[in-house]
Amino acid sequence: MKLRKSLLVTMILAMGISVTGCSSGSDSGGSSGGSSGGSTSSSGDSSSSSQQASTSSGSVYFLNFKPEIAQVYEEIAKIYEQETGVKVKVVTAASGEYESTLRAEITKSAPPTIFQINGPVGYQSWKDYTLDISGTGLYDTLTDKELAVTDAGGVYGIPYAIEGYGIIYNDAIMQDYFALPSKTSGISSTDEINNFVTLKEVVEDMQANKDELGIQGVFASTSLAEGDQWRWQTHLLNIPLAYEFDENTAYESTILAGLASDTIDFKYADNFKNIFDLYINNSATAPTMLGSKTTNDSMAEFALGRVAMVQNGNWAWGQINDVDGNIVKSDDIKYFPIYTGMAGEENQGLAIGTENYLAINSKASVEDQQLSIDFLEWLFGSTTGKDFVTNELGFIAPFNTFTDAEKPNDPLAKEVLAWMEAGTNSVDWAFASFPSEEYKNQVGGSLLMYAQGQMSWEQVVEMTKSAWADEVALKK
Amino acid sequence: MERALKKYFPIFVLPTLIAFIIAFVVPFLLGVYLSFTEFTTITDARWVGFDNYRRAFATSNFVDALIFTAKFAIVSVVTINVFAFLLALLLTRGFKGSNIFRTIFFMPNLIGGIVLGYIWQLIINGVLARFGVTLTFSATYGFWGLVILMNWQMIGYMMVIYIAGIQNISDSIFEAAMIDGASPIRVIRSITLPLVMPAITISLFLTISNSFKMFDQNLALTAGAPMNQTAMLALDIYNTFYSRVGFEGVGQAKAVMFFLLVACIAIPQLILTRKGEVEN
Numbered sequence: 003m004k005l006r007k008s009l010l011v012t013m014i015l016a017m018g019i020s021v022t023g024c025s026s027g028s029d030s031g032g033s034s035g036g037s038s039g040g041s042t043s044s045s046g047d048s049s050s051s052s053q054q055a056s057t058s059s060g061s062v063y064f065l066n067f068k069p070e071i072a073q074v075y076e077e078i079a080k081i082y083e084q085e086t087g088v089k090v091k092v093v094t095a096a097s098g099e100y101e102s103t104l105r106a107e108i109t110k111s112a113p114p115t116i117f118q119i120n121g122p123v124g125y126q127s128w129k130d131y132t133l134d135i136s137g138t139g140l141y142d143t144l145t146d147k148e149l150a151v152t153d154a155g156g157v158y159g160i161p162y163a164i165e166g167y168g169i170i171y172n173d174a175i176m177q178d179y180f181a182l183p184s185k186t187s188g189i190s191s192t193d194e195i196n197n198f199v200t201l202k203e204v205v206e207d208m209q210a211n212k213d214e215l216g217i218q219g220v221f222a223s224t225s226l227a228e229g230d231q232w233r234w235q236t237h238l239l240n241i242p243l244a245y246e247f248d249e250n251t252a253y254e255s256t257i258l259a260g261l262a263s264d265t266i267d268f269k270y271a272d273n274f275k276n277i278f279d280l281y282i283n284n285s286a287t288a289p290t291m292l293g294s295k296t297t298n299d300s301m302a303e304f305a306l307g308r309v310a311m312v313q314n315g316n317w318a319w320g321q322i323n324d325v326d327g328n329i330v331k332s333d334d335i336k337y338f339p340i341y342t343g344m345a346g347e348e349n350q351g352l353a354i355g356t357e358n359y360l361a362i363n364s365k366a367s368v369e370d371q372q373l374s375i376d377f378l379e380w381l382f383g384s385t386t387g388k389d390f391v392t393n394e395l396g397f398i399a400p401f402n403t404f405t406d407a408e409k410p411n412d413p414l415a416k417e418v419l420a421w422m423e424a425g426t427n428s429v430d431w432a433f434a435s436f437p438s439e440e441y442k443n444q445v446g447g448s449l450l451m452y453a454q455g456q457m458s459w460e461q462v463v464e465m466t467k468s469a470w471a472d473e474v475a476l477k478k
Numbered sequence: 002m003e004r005a006l007k008k009y010f011p012i013f014v015l016p017t018l019i020a021f022i023i024a025f026v027v028p029f030l031l032g033v034y035l036s037f038t039e040f041t042t043i044t045d046a047r048w049v050g051f052d053n054y055r056r057a058f059a060t061s062n063f064v065d066a067l068i069f070t071a072k073f074a075i076v077s078v079v080t081i082n083v084f085a086f087l088l089a090l091l092l093t094r095g096f097k098g099s100n101i102f103r104t105i106f107f108m109p110n111l112i113g114g115i116v117l118g119y120i121w122q123l124i125i126n127g128v129l130a131r132f133g134v135t136l137t138f139s140a141t142y143g144f145w146g147l148v149i150l151m152n153w154q155m156i157g158y159m160m161v162i163y164i165a166g167i168q169n170i171s172d173s174i175f176e177a178a179m180i181d182g183a184s185p186i187r188v189i190r191s192i193t194l195p196l197v198m199p200a201i202t203i204s205l206f207l208t209i210s211n212s213f214k215m216f217d218q219n220l221a222l223t224a225g226a227p228m229n230q231t232a233m234l235a236l237d238i239y240n241t242f243y244s245r246v247g248f249e250g251v252g253q254a255k256a257v258m259f260f261l262l263v264a265c266i267a268i269p270q271l272i273l274t275r276k277g278e279v280e281n
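Same order as they appear, the protein sequences are chains A and B.
Per our numbering, the very first residue in the first sequence carries number 3; after that it's consecutive.
Per our numbering, the very first residue in the second sequence carries number 2; after that it's consecutive.
Calculated directly from the structure, the hints in this document are not laboratory data.
All C-beta atoms in this analysis are idealised placements derived from N, C-alpha and C, irrespective of residue type, glycine included.
Please note: incorrect hints may appear among the correct ones.
From the structure, some residues in chain A lie toward chain B, with a derived Cβ separation under 10 Å [to be verified]:
1. Leu104
2. Ser127
3. Glu228
4. Thr290
5. Gly293
6. Ser294
7. Gly327
8. Ile329
9. Glu439
10. Asn443
11. Gly446
12. Gly447
13. Glu473
Label-pair ranges, simulated between beta-carbon atoms [said to hold, decoys possible]:
14. B:Ile105 / A:Ala96: 27 to 35 Å
15. B:Val79 / A:Asp279: 26 to 34 Å
16. A:Gly216 / B:Val83: 37 to 45 Å
17. B:Gly113 / A:Lys409: 41 to 49 Å
18. A:Ala181 / B:Ser61: 52 to 60 Å
Using the sequences and the hints given, assemble the complete structure.
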């Protein structure tokens, strides 16, 4: 009898130990590919830092949003540990899986201490987890304090990269076109293209001469595959809606105006149709085939010189540059603003904003929170950190710690800066106020149906308006 | 011996029991609990009662997905079992190379659903490109794409189960039937079918529950395009969870209803087909 009892207790103990062993083991494994660097690097370079590392138990866990620069963060983590002895664990969520990864990771016993929210809407779902960071050096050095995500006097998200999107074009092809004897438009320089009418004239003439120009179409494929519709249902839709929200003078920003809108008029739906029709009718791909095209396909078409223009932002530089057989010279990559036929759009610039906000986990230990803030201040304030940000990560960082010489030199980022300085009116990123992911997906779905000829434009417009009202109502 | 077994039974069963509780019972109960709460992460939940169940029907997505899934399940359960049974009949005839064919037919089952989904997406889009359209053009294309994919993946598995069932039937019964002059069709109807009822039970159960629960293949092949018309229940639950702020609990509520639905279909099916089983 006694034997049985002790056996039972031993078994339970053994089970318990093996179970806890499992759970702590899976933490260091991480849920996605990029986690190894942070956790494995600790053994190699501990000679100088072992003293410090043994006295402080805290560490930084950074959940990275951008898979394309995951390796750079691993590198940064290594350098930072060498300099300060503080271990930085970097885990990168797979593309499109950030929210699910964050949800899973943040409930673990060692949750991310630094994570990312996508603006005021993302803040709503994570506000129980974001720390007020108004007193930090990071916020103090922010060039435009209004960019931060604030709530009732507290600061909960700090933008770390300003981005801009527009119509990227390959200037070499444009120059070929201007020199073409068979061209019928009177335009002979890209400077003359400053509104929708001239853009349309040039694009349609280029499409008519595509064989002479050696391209398959003017615009890269309007990627409407599921999960690849964001360039249209988010970025392009932003243009008419930003104008609409801008007219609501009761709010100081278009995002706030958008958040306060229970319904939208979609006043500039015709402008949206203008540019969307131009994209799908003068493209390398027939409109009915767009449902299988991805953003990668579009960027590859551009990089291989098969098309002259593609709508995207400065983050796409890496994608263009990394395509095998890329023939586009970096000097030839320029931007047009997205012209849609608005009155006075000659002064319109690129759509510039950010949806990348860093937040500190309010439920992490105070020590880890401080270490995380220190890490971010180092990254955006020290010479080594700034060098990484500018040259490796390629961010246009909105902090006054960066001098003019410390601006990124990839062609698209340089173009964004040039447009910002040119005195044009940038279009806000009002899409941060779109009611839900589901809303964007519904609009994307209707755009696909429109491209395939199964929905009329009136139905698309109706859908864009009614889905907005429905989604806002569902949030309440 | 038996007494000793009885005595130590709790100890021997303990490791499995603990694993079962940790891996199944606790997550299941937690899931049911979460369907009555509003939560961002599972450790922070606020009780909201049946609100999530009400909100699950605020949009037509769930019902649409249910109808699509039911259609899909009916078509694929019938086609998979018919084809698998016919293949099993063919491959138990004792042809040369039967084993090679069995292996080949079984192999698709070893490939993951996501991979299969992308492979079939390429194949089907390649064929449809000749007609200037893609899989996203119409929900009908997506529907039949999913049926083909599911058939291709499941037929081999079900075939193996049917082959095992057919091989279990004693040869003397067939011989007796032949001497009595029964036609081949009569043999199948009166001897093979009744005697492989246990295999039919398990095959129907597996195909029904797998058709209802299908997720990977759906996500990779169509991801619901166009406009969620080809989204099945599991994909709809996944989308609910992630595509609206504050809808995690609603997704959870849908998952609980989904579980009840699958259980309500699968358990009566098991009981019904069990009744049809006869002793060999």
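The hints, checked one at a time:
1. Leu104: holds (9 Å)
2. Ser127: Check passed: Cβ of Ser127 of chain A comes within 5 Å of chain B, closer than 10 Å.
3. Glu228: Hint holds; Glu228 of chain A Cβ to chain B Cβ min 4 Å, cut 10 Å.
4. Thr290: With Cβ-Cβ at 5 Å, under 10 Å, it holds.
5. Gly293: holds (3 Å)
6. Ser294: Given a least distance of 4 Å, the restraint on Ser294 of chain A holds.
7. Gly327: Check failed: Cβ of Gly327 of chain A comes no nearer than 22 Å to chain B, outside 10 Å.
8. Ile329: violated (26 Å)
9. Glu439: It holds, given that the least Cβ distance between Glu439 of chain A and chain B is near 4 Å, below 10 Å.
10. Asn443: holds (6 Å)
11. Gly446: Cβ of Gly446 of chain A sits 9 Å from chain B, so the hint holds.
12. Gly447: holds (3 Å)
13. Glu473: holds (7 Å)
14. B:Ile105 / A:Ala96: 27 to 35 Å: holds (33 Å)
15. B:Val79 / A:Asp279: 26 to 34 Å: violated (44 Å)
16. A:Gly216 / B:Val83: 37 to 45 Å: violated (54 Å)
17. B:Gly113 / A:Lys409: 41 to 49 Å: holds (45 Å)
18. A:Ala181 / B:Ser61: 52 to 60 Å: About 56 Å separates the Cβ atoms of Ala181 of chain A and Ser61 of chain B, which means 52 to 60 Å holds.
Hint compliance for this structure: hints 7, 8, 15 and 16 are broken, all remaining hints hold.
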